[in-house]
Amino acid sequence: MSILVDENTRVVVQGITGGEGKFHTEQMMEYGTNVVAGAVPGRGGQEVEGVPVYDTVDEAVEEEDANASVVFVPPAFAADALFEALDTDLDLVVAITEGIPTQDMAKVKKRLSEVDTRLIGPNCPGIITPGEAKLGILPGNIFADGNVGLVSRSGTLTYQVVDNLTGRGVGQTTAIGIGGDPIIGTSFIDALELFEGDEETEAVVMCGEIGGEDEEEAAAYIAEYMDTPVAGFIAGRTAPPGKRMGHAGAIVSGSGTGTAESKIDALNDAGVPVGDTPEEVADHIEDFL
Amino acid sequence: MSILVDENTRVVVQGITGGEGKFHTEQMMEYGTNVVAGAVPGRGGQEVEGVPVYDTVDEAVEEEDANASVVFVPPAFAADALFEALDTDLDLVVAITEGIPTQDMAKVKKRLSEVDTRLIGPNCPGIITPGEAKLGILPGNIFADGNVGLVSRSGTLTYQVVDNLTGRGVGQTTAIGIGGDPIIGTSFIDALELFEGDEETEAVVMCGEIGGEDEEEAAAYIAEYMDTPVAGFIAGRTAPPGKRMGHAGAIVSGSGTGTAESKIDALNDAGVPVGDTPEEVADHIEDFL
Amino acid sequence: MKLHEYQAKEIFADAGIPVPESRLATSVDEAVDAAEEVGYPVAIKAQVHVGGRGKAGGIKIASDGDEARQYADEILGMDLKGYTVEQVLVEAGVDFTNELYVGVTMDRGEGKPVAMVSTQGGVDIEAVAEETPEAIAREHVDPAFGLHPYQARKVVFEAGIPREVAMDVASILTTLYDLYEERDASDIEINPVMITSDDEVVAADAVMNIDDDALFRQPELAELEDETYEDDLERKAGEYGFDYVRLDGNVGIIGNGAGLVMTTLDLVDYYGGAPANFLDIGGGAKAERVTNALDMVFSDSNVDAVVFNIFGGITRGDEVAKGINEALEAFEEIPKPVVVRLAGTNAEEGREILNDELVTVEETLEDAVQRAVEYADEVSNE
Amino acid sequence: MKLHEYQAKEIFADAGIPVPESRLATSVDEAVDAAEEVGYPVAIKAQVHVGGRGKAGGIKIASDGDEARQYADEILGMDLKGYTVEQVLVEAGVDFTNELYVGVTMDRGEGKPVAMVSTQGGVDIEAVAEETPEAIAREHVDPAFGLHPYQARKVVFEAGIPREVAMDVASILTTLYDLYEERDASDIEINPVMITSDDEVVAADAVMNIDDDALFRQPELAELEDETYEDDLERKAGEYGFDYVRLDGNVGIIGNGAGLVMTTLDLVDYYGGAPANFLDIGGGAKAERVTNALDMVFSDSNVDAVVFNIFGGITRGDEVAKGINEALEAFEEIPKPVVVRLAGTNAEEGREILNDELVTVEETLEDAVQRAVEYADEVSNE
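Line order of the protein sequences matches chains A, B, C and D. Going by our numbering, the first residue of the first sequence is number 1, and it counts up by one from there. Going by our numbering, the first residue of the second sequence is number 1, and it counts up by one from there. Going by our numbering, the first residue of the third sequence is number 1, and it counts up by one from there. Going by our numbering, the first residue of the fourth sequence is number 1, and it counts up by one from there.
No lab work stands behind these hints, which were simulated from the structure alone. Here the structure is a predicted model, which is why all the values come from computation and not from measurement. Ideal placement from N, C-alpha and C gives every residue a C-beta, glycine not left out. Some hints could be false.
Here are the simulated SDA-like cross-link-like pairs (lysine to any residue), alpha carbons at most 25 Å apart as the crow flies [unchecked claim]:
#, chain 1, residue 1, chain 2, residue 2
1, A, 109, D, 149
2, A, 22, D, 283
3, B, 109, C, 146
4, C, 112, C, 86
5, D, 112, A, 217
6, B, 109, C, 69
7, D, 236, A, 189
8, D, 2, D, 67
9, D, 286, D, 335
10, D, 112, A, 76
11, C, 286, B, 18
12, A, 109, D, 114
13, A, 109, C, 145
14, B, 22, C, 142
15, D, 322, A, 140
16, C, 286, B, 262
17, A, 110, C, 333
18, B, 110, D, 138
19, D, 286, D, 333
20, A, 109, D, 335
21, B, 22, C, 112
22, C, 112, B, 283
23, C, 112, D, 335
24, A, 109, C, 142
25, B, 110, C, 110
26, C, 55, B, 262
27, B, 110, C, 146
28, A, 110, D, 283
29, D, 286, A, 109
30, D, 112, A, 118
31, B, 110, C, 349
32, B, 109, C, 145
33, B, 110, D, 114
34, D, 286, A, 50
35, D, 112, A, 140
36, A, 110, D, 87
37, C, 286, C, 218
Interface residues of chain A toward chain D, partial, derived using beta-carbon atoms under 10 Å [to be verified]:
#, residue
38, 108
39, 233
40, 268
Whenever a hint applies, use it, and build me the whole structure from the sequences.
Okay, structure coming up:
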């Protein structure tokens, strides 16, 4: 088992004719992902990597029975692409695009509350169920099939932690990068809930970072609802208050919450061991298994 | 019994300090309606007819436990007043105001779909449960307590039909004027459903008019879901196509639906007798009782 | 409120929608000058608020100065369904290969605006909607968000608009929706959007109607209102602020509330009479409004008798009665018999005030209408 | 992107929010002239992108020409938290009885904008939020609809704003929200709104920060950007387009992806070192970007050793390796020891390309960081 994506996921790539869209379509297909269509307005009738392109997501869903989308559309048009995807009956939309204006995302979030589709991202590396499907830009070769779920706000940090796991023979059920933006579709809690409900997932890694209160809220959720053991990692312990560290979300307000300390404390209080290094996180996970 | 309003309804009047608001507050209270508050921005702390005025509907609900609102706010500010009312936990909002821009009402309708509050109107005479409460501008003295429900798109036509009923000793459970605008909060079907669920209502009068397809849809609803007998009346049989007859809704497109004929046929097909005159409607109702 | 084609096109052009070059002309000489300026062939188009101008002879194509003069002369001053043509739009002819339809209106059933696109442009779109509804692609709009660009593309592709111009048409639709919202339009459409041989798109006609209830916040548009009426009676109704529709019969009808007035019309018909008009004096009418209403109905030479039907809610019977008395006392002789029926608020007081020598008072609606129909028959048979 | 007070005030004033009369001045003479024009007393306010200007001496009230000259002289050219003051706003003093706070920002937890009003204006609002959160009334906004007027009134009354000015403050808040939305602000606030003795309201300060990700559609605002940096290094980072933060330590850090770079910082600290900076070269970085990054870190004289940590997803290890070689081969002598750790896409190819004589290659993150910390210790002890 796995969560959200598997070998039956039928993917439409929005923005498939762009440089990134094309490259990662190739990568996803090479990994075995079932990419069934592309959607680019005005490009209907073309083909990319042997995949038929449609003018609208609607057509791609109609014609190719797609049930998930990956969005590589540039930031200026990305919110519109997300609204388009949310207007179909796709189960899942994964938004890779970085740099979508925050107010656009607030509107998308409002729309999201009206539909049943799940959104992952934006500004995220995507989601992978090793050996079955990857939707996004994660490097497939570092993942291995196994029993650990992973959810992370950061892309390359995810790879690092996965590398530490796979390196010692610990595989993953599904790994999700939820994205580093202030407003995202899927929260830590959403992902944890899905992992908790997945029989095959025996432990979960949660990689957080400074800024916001999502990790604190996730800790409260874990304490109350989760039986599956969770190990955590928090990036940004040494970040000075008030400075933005790359991710729009990663800014410490200096007001007590949002700091690495408050997040680590919250997780520890919830019984979640937090590694000082990615290697230590892998140690904790091995202890659980 | 009755629907939507009764002696326990606690009313806040939005726009209570205006000419109409003040006059009808007096009238409503005289009829026995429990008007507990007014809401007019900037007028908090004043009193009208002994009723305390608040700056916001929220305060009126908090302080006076109001559960229904009647809106007499002028058209330019009415949509905002409706949004305000819908943002509280009122059960019912009755919008009397005539002339609200249609696009404003489309937005209100969207908001309405997100909340549990019921809206009646706008551009309607209101709702009355004879002997218990009236919310709006209906002349209380023509109504009598009884077992007939009434729902109508038109104000004065409602009075006419009620007069014919009361004149022969047939009283009403509740009478609702749903309003003549293109976009309204409560449809015929909504009202019919409520009357169908009301044990005391033994027959229902439905007064429609040309334009739109609400009467046709109501006929389909009656045929499928209603046990309570319904008698109908349709105004505008002699209206020429393409002309607007006062009500924004009352325009015949000439396209087959929306004409008096199509509505009368639909009702007859649903087993609803349609009176040629208001007097005949009363005859039909008497037959049912 | 309706805008003229030339007014709507100015607004469209300002918003970036391509329109043909054109000039407005109010005389034949002006029209010919305008034609020379924009270059032949030109379309000479009557600017009046009636549908089907083309079929009715209100649009002609002139290929040279002589034709321009001839057609401008024919159209200016002509009677088009009751309206006199006082201005024409002289517009550069477009060499088109295809005609599309693009529009936005309110779907009252859904309570949402709807964007519509069709390849069946240049013809009566209502007929298309009736006969081949599938030829019009529709997309409902969430009014809180407005028309998303993807929706414009979706409806354009669904309608089967040729790929070469699809994105341009989607962009026109997006602009139309923005105008629809910003300007409080009730309907806005381009029929046809012409596609030229080099795949340019041009708005060859323009319809833009504004929600009357929103004119208070559209002052620039309110100023554009061209108050042309079919006749003096409708002009008077406009001045008095009545909802008034002229009909063919001889029983004048005055009432309060659209539903009740329509019912009164229906009853006149039911009892064998023919209504002369629809006249709603509205809620809460005072004496002056009553006087004005009677003035209007008496001004209609077709009227042989009048029925005055008031069911008072906000409107007070005594006020109405006073108005009726005042209006009628001003005449040496009552022009036509008047039947009055008062019910509801202060009806009794009203009936007491009414002067039986001036009017016939009836208690019920049915009696009042029957009496008025009888009077009308008598008068018309005199 | 931050706007200066004077820029934000111009935008506020254009939108109809009352602001005091003011002039911008870049020299003492200009400042004195400006003071004479607006009339005494005047506030002389440093226009720099730092918070707490007042406490830091960047705002003074001058009651005559001598004081104006003295204060302008003091403030112009002063160093305010690392920034040099190059311009001052000379503004008419407001005789106020009360100071309020009004602002709009994004509540990221809710994913919705939030409008905020407080009677505790004129002080550090973050401190108010921390110590007496109930002193700030908040109203969340549905971004599809925008801030409804009733919401503005509601939050103003909830905050306990005096009745005399409540409707004016609500109107300011409505305007602020409109600007927030139209101009893609991330934060917009007035602290304080001053209430004068005759119950007028005036925006005495103005904060407006723009969402960097939305600058592409706010070209007029993008032009207002004042690219002042604390130092040359931050300026360089701006030019190269890096996310860069300077810190106090001596281990230079370069990596790809914010989370991984932060983790590298944390590990440097964990292994007893001190990070000199945060530098994210971003995803898919090519050789030139790598060269630029090394240039930056070497330009920081505090740096004693560098750790280069790349986990390739989009970024390819061979590209990074080529960039590192190119950058280092340009030096006769490598300025500081560089430790490289490559993982992920094409990491092996990258490691093969790297020149062992120029850099130390480590396989794991932990080893790389420890090695860099050792090097830094060695260099700093030399």
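Restraint check for residue 110(B) with residue 114(D), where alpha carbons must lie at most 25 Å apart: Judged against 25 Å, a Cα distance of about 21 Å means the pair holds.
25 Å Cα cutoff - pair residue 112(D), residue 217(A): Cα-Cα ~18 Å, so holds.
Straight-line alpha-carbon gap residue 22(A) to residue 283(D), limit 25 Å: holds, 16 Å
Straight-line alpha-carbon gap residue 109(A) to residue 145(C), limit 25 Å: holds, 12 Å
Hint consistency between residue 286(D) and residue 333(D) [alpha-carbon to alpha-carbon, up to 25 Å]: Between residue 286(D) and residue 333(D) the Cα gap is close to 24 Å, so the pair holds against 25 Å.
Satisfaction of hint between residue 145(C) and residue 109(B), Cα-Cα up to 25 Å: Judged against 25 Å, a Cα distance of about 13 Å means the pair holds.
Straight-line alpha-carbon gap residue 112(D) to residue 76(A), limit 25 Å: holds, 20 Å
Residue 286(C) paired with residue 18(B) [C-alpha distance capped at 25 Å]: Holds: residue 286(C) and residue 18(B) sit about 18 Å apart, inside 25 Å.
25 Å limit on alpha-carbon distance, applied to hinted pair residue 110(B) and residue 138(D): holds, 24 Å
Hint consistency between residue 109(A) and residue 114(D) [alpha-carbon to alpha-carbon, up to 25 Å]: holds, 15 Å
Pair hint outcome, residue 109(A) versus residue 142(C) [Cα-Cα no greater than 25 Å]: holds, 15 Å
Hinted pair residue 22(B) and residue 142(C), Cα distance within 25 Å: Given pair residue 22(B), residue 142(C) is violated - Cα atoms ~36 Å apart, limit 25 Å.
The structure shown violates the earlier hints numbered 4, 6, 7, 8, 14, 16, 17, 20, 21, 22, 23, 26, 28, 29, 31, 34, 35, 36, 37 and 40.
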